[in-house]
Structure formats: structure tokens, C-alpha cells
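Visitor: Chain by chain, the residues run as shown.
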Amino acid sequence: NAGVTQTPKFQVLKTGQSMTLQCAQDMNHEYMSWYRQDPGMGLRLIHYSVGAGITDQGEVPNGYNVSRSTTEDFPLRLLSAAPSQTSVYFCASSLHAQTGFGAWGTEAFFGQGTRLTVV
Amino acid sequence: AQKVTQAQTEISVVEKEDVTLDCVYETRDTTYYLFWYKQPPSGELVFLIRRNSFDEQNEISGRYSWNFQKSTSSFNFTITASQVVDSAVYFCALRKGNTGKLIFGQGTTLQVKP
Numbered sequence: 001n002a003g004v005t006q007t008p009k010f011q012v013l014k015t016g017q018s019m020t021l022q023c024a025q026d027m028n029h030e031y032m033s034w035y036r037q038d039p040g041m042g043l044r045l046i047h048y049s050v051g052a053g054i055t056d057q058g059e060v061p062n063g064y065n066v067s068r069s070t071t072e073d074f075p076l077r078l079l080s081a082a083p084s085q086t087s088v089y090f091c092a093s094s095l096h097a098q099t100g101f102g103a104w105g106t107e108a109f110f111g112q113g114t115r116l117t118v119v
Numbered sequence: 001a002q003k004v005t006q007a008q009t010e011i012s013v014v015e016k017e018d019v020t021l022d023c024v025y026e027t028r029d030t031t032y033y034l035f036w037y038k039q040p041p042s043g044e045l046v047f048l049i050r051r052n053s054f055d056e057q058n059e060i061s062g063r064y065s066w067n068f069q070k071s072t073s074s075f076n077f078t079i080t081a082s083q084v085v086d087s088a089v090y091f092c093a094l095r096k097g098n099t100g101k102l103i104f105g106q107g108t109t110l111q112v113k114p
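Residue numbers (my numbering), protein chains in the order written: chain A, 1 to 119; chain B, 1 to 114.
There's no promise every hint is true.
Unchecked claim - Computed Cβ-Cβ distance ranges for the label pairs, DEER-style:
| hint | chain 1 | residue 1 | chain 2 | residue 2 | range |
| --- | --- | --- | --- | --- | --- |
| 1 | A | Thr7 | B | Glu56 | 12 to 22 angstroms |
| 2 | B | Asn58 | A | Ser84 | 37 to 47 angstroms |
| 3 | A | Gly16 | B | Thr30 | 41 to 51 angstroms |
| 4 | B | Gln111 | A | Pro83 | 42 to 52 angstroms |
| 5 | A | Phe10 | B | Asp55 | 23 to 33 angstroms |
| 6 | B | Gln57 | A | His96 | 20 to 30 angstroms |
| 7 | B | Tyr64 | A | Gly63 | 20 to 30 angstroms |
| 8 | B | Gln69 | A | Thr7 | 20 to 30 angstroms |
| 9 | A | Asn28 | B | Tyr64 | 43 to 53 angstroms |
| 10 | B | Thr109 | A | Asp56 | 30 to 40 angstroms |
| 11 | B | Ile11 | A | Arg77 | 19 to 29 angstroms |
Derived by calculation from the structure, the hints in this document are not laboratory data.
Idealized CB from N, CA, C, for every residue including glycine.
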């Protein structure tokens, strides 16, 4: 069981370049999210998805695009990299399980992270 | 608005000391979830505990214990008899009941010295 797989682990980009961070999960989780981690700021939500074909913006969405064509995959695209996007990026997935007492879910499972440097 | 505050930026203790990491949250929702994650120097995020808003029972897992108090909107984490391997960044997080979105605190860096 691979869990959440993120690639690449490290990446250096030049300002203006574009790239896609890949994220895949094999747990059939409905929810998938992208966070960035910056020193002293914890993790901040970039984009999230509640299922295939459905995405929405988080707290810091500018400069990033996402799509969710399958339950398993949730890639994050940087259209024109900027030094302010230097950060560590984490993909996460979680299960939404409905019970008779309301909506419950699991904890978020995180990928290993991608350290991105934009020069 | 939802918010999580971890006022302690860094804590340094000597091995075998007890240490408490504070977490205060703000939310207007009646159904929500609270989490603690550990981030060791290797960088991955390790899930420690989940607590929903209807369950105020405290929990103990080995040397770890958690105190959830809705009256003060706090979800504090205590490590008893700390060890060097406990050195890490610890994050408290809040999730709205029916979403997968997490709001993280700023994190507390714990250093346990031998």
C-alpha cells in the first residue's frame, strides 16, 4: 500500500518556468489537497478537491492551478514560477465517511513533500 | 473565521522532562476535528491523534497525552519523560466537519537535549 506518492522530491526552477507537481493516492480517498509550508507559517492550503471533477481554492491559490480528472491523481501546476513560490509542498488525502451520526472522516495522509526552489 | 494558534515557537527541554505543547483554536462550527501531527527532521508529516468536537475525553498513548477542553478552545499535547527522538516540529490542525480542509497552527519546534 503506497499511500500518497508525491514527485519529485526536489526541484529547482528558473523564474518564469512552469512545472507540475504530481500527487497520487491509492486509498480511494475523496478529499485531496495541496499545502505549502513556509518557515514560521505552518502549512497553508493552496487548492483542494472533494472528488473527481471538483476543485476549489484554498488560502493561497494565486499562481497555481489544479485539476482532478480521476480519484487517484491531483497534480499541482505552477504556470510561471516566481521566487515567492520557493517552499515545501505537501499533497494530502483523506476519507470522507458518512455515518448515521453525521459526517465523519479520517485524518489526512500526507505525501513525502517536494522542496521547490525558484531562482 | 477559523484559526489555530500555537503560541510556543520553540521549546527546549532536557531528556526525561515532561513538556506540554499548547494549541488554541477558533471556530464557529459545532462539528469539527482537531489533529496533532509530528514533523521529524526528515520532513514527513506523521499523524498522532484525531479528536472530534463531540468527544472531550482526554487520551493517553504511551508517553503522549492530549487534553481537549472546549470551554477554553484548547487541545494541548503533553509528552511525559521526553526523549531525544521526540525532537521535531509539532503541528496542531483544525478541520471543519464536512470538508477535507485543514487549518494548521504555526508549529512548535521541540528540541530534547540528552
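Visitor: Checked against the structure, which of the hints given earlier come out wrong?
Guide: Hints 1, 4, 5, 7, 8, 9 and 11 are the ones this structure does not satisfy, whereas the remaining hints hold.
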